[in-house]
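K.L.:
Here's the letter readout for the chains.
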Amino acid sequence: MKKTSSALSIPQVLILLAIYILPLMFFGINAAGSGELPYALIYGLYLLTLLFLMFKTGKISKYRRIFFVSMALLFFPAFIHDLIIERGTMLIPQSTVVNNENPFCHIVIPITMIPMILKKMVIFPGRLMGHYTSIYSMLVIWVFMTISLGRGWCSWVCFYGGWDDGCSRISQKTKLHMDNRAPWIRNLPKAMLLFVVLGSLITLTSIYCEWLCPFKLITEFESPTNLRNTVALILMIVLFFGTLIILPILSRRRVNCGLLCPFGAMQGLIGSKIAPFKVKMDKSLCISCGQCEKHCPSFSMGKNIRSSCTLCGECIDLCPTGALDIHLRGKKRIFPKAPAFFKELLQPRNLFILAAFTGGTIISYSFAIHSLKLLVNLF
Amino acid sequence: MIKRLFILILGLVSMVTVPMGFYMSRRYETFFHRALGLQVDPNYSGGTVIAQYYDDFRDDAGAGSLEYPLHQYYEEGTLDLLKYTVYQPLLDAPWSEEPHFWQLSVTMAHFSEHRDDLILRIYLDFMEGGSTSSPAPRQELVRFDQQHPWDLMAEIYAPRGQVYLYDSTGKVVDKIPLYENTEEQRYIIRLPLKGDLEQILDGRITYHAVITGFYDEISAFQPLRREASLRNSGGAADGRTPRIFDMLCIEDNSQQDILSAANPEIPFIPVIPGQIAQPSNSTYLEEIPGPTQQEIQAWENSLQKDDLDPMERGDLLFKLGRNVEALEYFTQLRKEDDNPLILAYLGTLTAQQAADKPVLEAVALVNKSFELFQEALAGNPPPRDRAYILIHRGHVSRHVPNSVFNKAVPGAQDFLGAAEILEPLGQDKSFIKELYLYAAHCYEIAEMEDLKELTLLKAKVIK
Amino acid sequence: MLEPLLLGLSTGPSCMIFCGPVALPLFMSDMKEHRGQGAALLRFLTGRLIGYILAGFILGLTGQLLLNYLSPLVKDRFMLISYMLVGLMMLLRGLAFLPKEKGLCQKARKVMPQKRAELFLGLATGLNLCPPFLAMATRVTQGPVKGMFSFFLFFIGTSIYLVVLMLLPFLKKHKEALQGIGRITMLMMGGYFFFFLGILQLGRWQG
Ligand code: SF4
Ligand code: SF4
Ligand code: SF4
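Chains as they are written, first to last, in this note's numbering: chain S, 1 to 379; chain A, 1 to 463; chain X, 1 to 207.
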């Protein structure tokens, strides 16, 4: 059976882009600081082009990845620059900890959750409010994103995920086979989540941040003044290059996000239950060619699609028969009997792409234009 | 069909939820804070507070006569202690370079860029033995309470960001980092629980004395002169005047009495675990008197006069709450006069119109009001007028919902800014005090308890 | 008289913060039917009881003398050793589950069979100086017999919360997955206790 094309016609694309422009204007261009407007416009144009191509060609994953990787790459120059302006170094100075000013990122959410519920205590030295990295603002963003996107966060919104997502597609051939169906691969993410949650309970401090987070290398880390911190630093470097770059290149899988990140595991468990969008397989169309399992970067495709699916779109694009698509509450088309124009326009996949891309847009806007400006000024 | 519609709505809602989440996260933090009441684990902020002591504001003149050096570098209030906080000793504190420590913090009235000469000493008595004099030759020219010879002294030396620890023989035994919290105007130190200090872990009562002075390379405490000069403090009666500008005094002890005695003896304050002194501040806004009946009558009467200054007429209309008339009057006046104060009145009156308008219209009016204030301030008014404009804007900020406009903090800053301008101009003290109280109220709206408390402390001593 | 019981009941949730992270992976890694789970929990609790009775005996005998000696810093060191012991046991147990036939894994299986692990980990958590334990310890002053008795009551109070673990067999449907997750967690937990909470912190001994 030949796959029906999911490409949209120009009027359909324009309608969808028109919807996207609203948040783009309000959160992006409108929020640009003085002297940042040109960069805001450039970035906005770039995003519009990607979204246009995504809808026009019907290929989700390719353009999504370009966006996702550029977001990850644009995140850290601005972040590091801000840190250096604010405190003069990328190292975590003690005064930041003493004054509780460490940036709170989403990955800590599952770790801090139980003490937060039981004792109303946040076991992290962050700001409660009044800063873009404060605890409340991250929590609120998380709740809303989980309701609408579920684990889609991990392919569309997270400013870290682009590293291993990008690297997982550098090589054309798989050099290191990681079998999706191996029990340990299935269990590792949840075990990792359980481990960091329980381990953090004992010491009432986020052991993930202390020992296991690879992203500290591109954000902030403790200075290796004693044995403990030196070990942490070495571990961090090994994890960064190992799980975000080398292993993803060799195995064509997102080794960090698919196996080790506790936030990703939690989104898989909770998010996939709550969020209305899901990738579903039409068994009657499937010819068991195995393309989807072979290429899923997130270890999410085995016999069935697992709850850890990040809705990246890779398998949807690759499936030769069109058996896979994004469903909304189990429906591939909301109005199957409507005229073709509307039927296609209101496809769940379009709604999801709009929502997820908007999320990525808003979260990335301020640091992306900040970084663009820095980079332009550098040359 | 209905089910399909429901699904469509669900899809659309999911699309809206995404930008909503971001919008809410910025705007409604205080709301979520009220609902959830989360707190950062005290293990990260130095332990639970076991005692807090308050010292008077503006008593940084020793026995009452000391003066700062005249150079502008020595900003007013840099030596003024406001609050001393003692924390529960912590073991195995996470993310801390010093795993076991005892945190103490001192809140100052003013935290300027220039505090190079500041010196702050905390004397601690926690065991048998010790000393009753300062570590010679660095004399602050006082003795310490005979009952409580001190065992350890922490000297906060701001310019180097260092704290030096002295033992009772006057030797420097350790050097630890000094942490500063500029926003809350606090110095924070973490005494490592090593050696003798380990003993406090059994929860015993410890005794503390905190003093401040200016630093001098040779004798630690800068000598005092009779007259202040550019670099030297003044106000000394003779060579034996204690070189202490401020000290932690509670309850019946009066700093003036102690320091002006012939042979001053610095008292120690017992820190009993679990005893927290809180200033009561629930009804502070009620201290601000409204206009009396006579005053209102007097305003009415003056309004009848023909030779009134145009500005004054507007002001009277405004004060009497005749808003519609006032708005018309000032709008008219604006065409003839470019006095920036007119814009300030217009700003307030515009914002007041928003009260009974539908949401969108109200938001537009408030935004317009802030534009008017901005314009007024841009017109370079003389200091006194500038202060009045700030007060106008402060009141608007205080009254518009903070969750929508996020103006409570700028409002507080406006009131404090106005107070800063008006005070040297000889403005009536009770008026200045009101400004502090309004600023505190703004901080309360913004849920910034520490700053609210600090502002109230400052207001308390203005008489 | 009943004070230790009430104290145990009220501090129990905090107990779970310390014992839960050890007990949960331990039981998850070897899922059993209701009966087997009951027996396993009993073994764990027996270990814990022995620890408590021992503590009660010693504290009752020495009274405040020992407590004074047990300055928080000494306590800190004691915790370090107990972390390392717990870590070692969990590591061995985790290794024992690896499918390798020979070598370390086989040895681990010999040294640390599941039943022994349940008993000994129970004992180790029983002697863990967690905050509720210390709160209890300050109340024991009058002789070894009374000391043992009050610690027994305290044990009952805190153990009630661990009964939650009896619910595990109800998740039979996910047995495979839970067991797999539990075993990996066991290994990681053991490594964390032994290496990160233990060995790496040894630098603090100089203090
Ligand atoms: S798994 Fe973690 S790091 Fe990866 S995209 Fe998701 S949240 Fe980000
Ligand atoms: S890609 Fe996957 S879903 Fe599509 S036909 Fe092949 S096996 Fe079936
Ligand atoms: S199942 Fe498909 S959409 Fe989901 S993560 Fe894998 S490739 Fe991406």
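A couple of the hints might just be wrong.
[Unchecked claim] Straight line, CA to CA, 30 Å or less: simulated DSS-like cross-link-like pairs of lysine-lysine: (1) S:Lys-56 - S:Lys-280; (2) S:Lys-337 - A:Lys-3; (3) X:Lys-100 - A:Lys-194; (4) X:Lys-172 - S:Lys-283; (5) A:Lys-319 - A:Lys-433; (6) A:Lys-3 - S:Lys-331; (7) S:Lys-175 - X:Lys-100; (8) S:Lys-273 - A:Lys-3; (9) A:Lys-3 - S:Lys-332; (10) X:Lys-172 - S:Lys-120; (11) X:Lys-100 - X:Lys-146.
Hints in this document: simulated from the structure, not taken from any laboratory.
K.L.:
With reference to the structure, classify each hint as holding or not holding.
P.N.:
Against the structure, the hints:
no.: 1; hint: S:Lys-56 - S:Lys-280; in the structure: 22 Å, holds
no.: 2; hint: S:Lys-337 - A:Lys-3; in the structure: 14 Å, holds
no.: 3; hint: X:Lys-100 - A:Lys-194; in the structure: 48 Å, violated
no.: 4; hint: X:Lys-172 - S:Lys-283; in the structure: 29 Å, holds
no.: 5; hint: A:Lys-319 - A:Lys-433; in the structure: 20 Å, holds
no.: 6; hint: A:Lys-3 - S:Lys-331; in the structure: 11 Å, holds
no.: 7; hint: S:Lys-175 - X:Lys-100; in the structure: 25 Å, holds
no.: 8; hint: S:Lys-273 - A:Lys-3; in the structure: 20 Å, holds
no.: 9; hint: A:Lys-3 - S:Lys-332; in the structure: 14 Å, holds
no.: 10; hint: X:Lys-172 - S:Lys-120; in the structure: 33 Å, violated
no.: 11; hint: X:Lys-100 - X:Lys-146; in the structure: 49 Å, violated
Comparing the model with each numbered hint stated earlier shows that hints 3, 10 and 11 do not hold.
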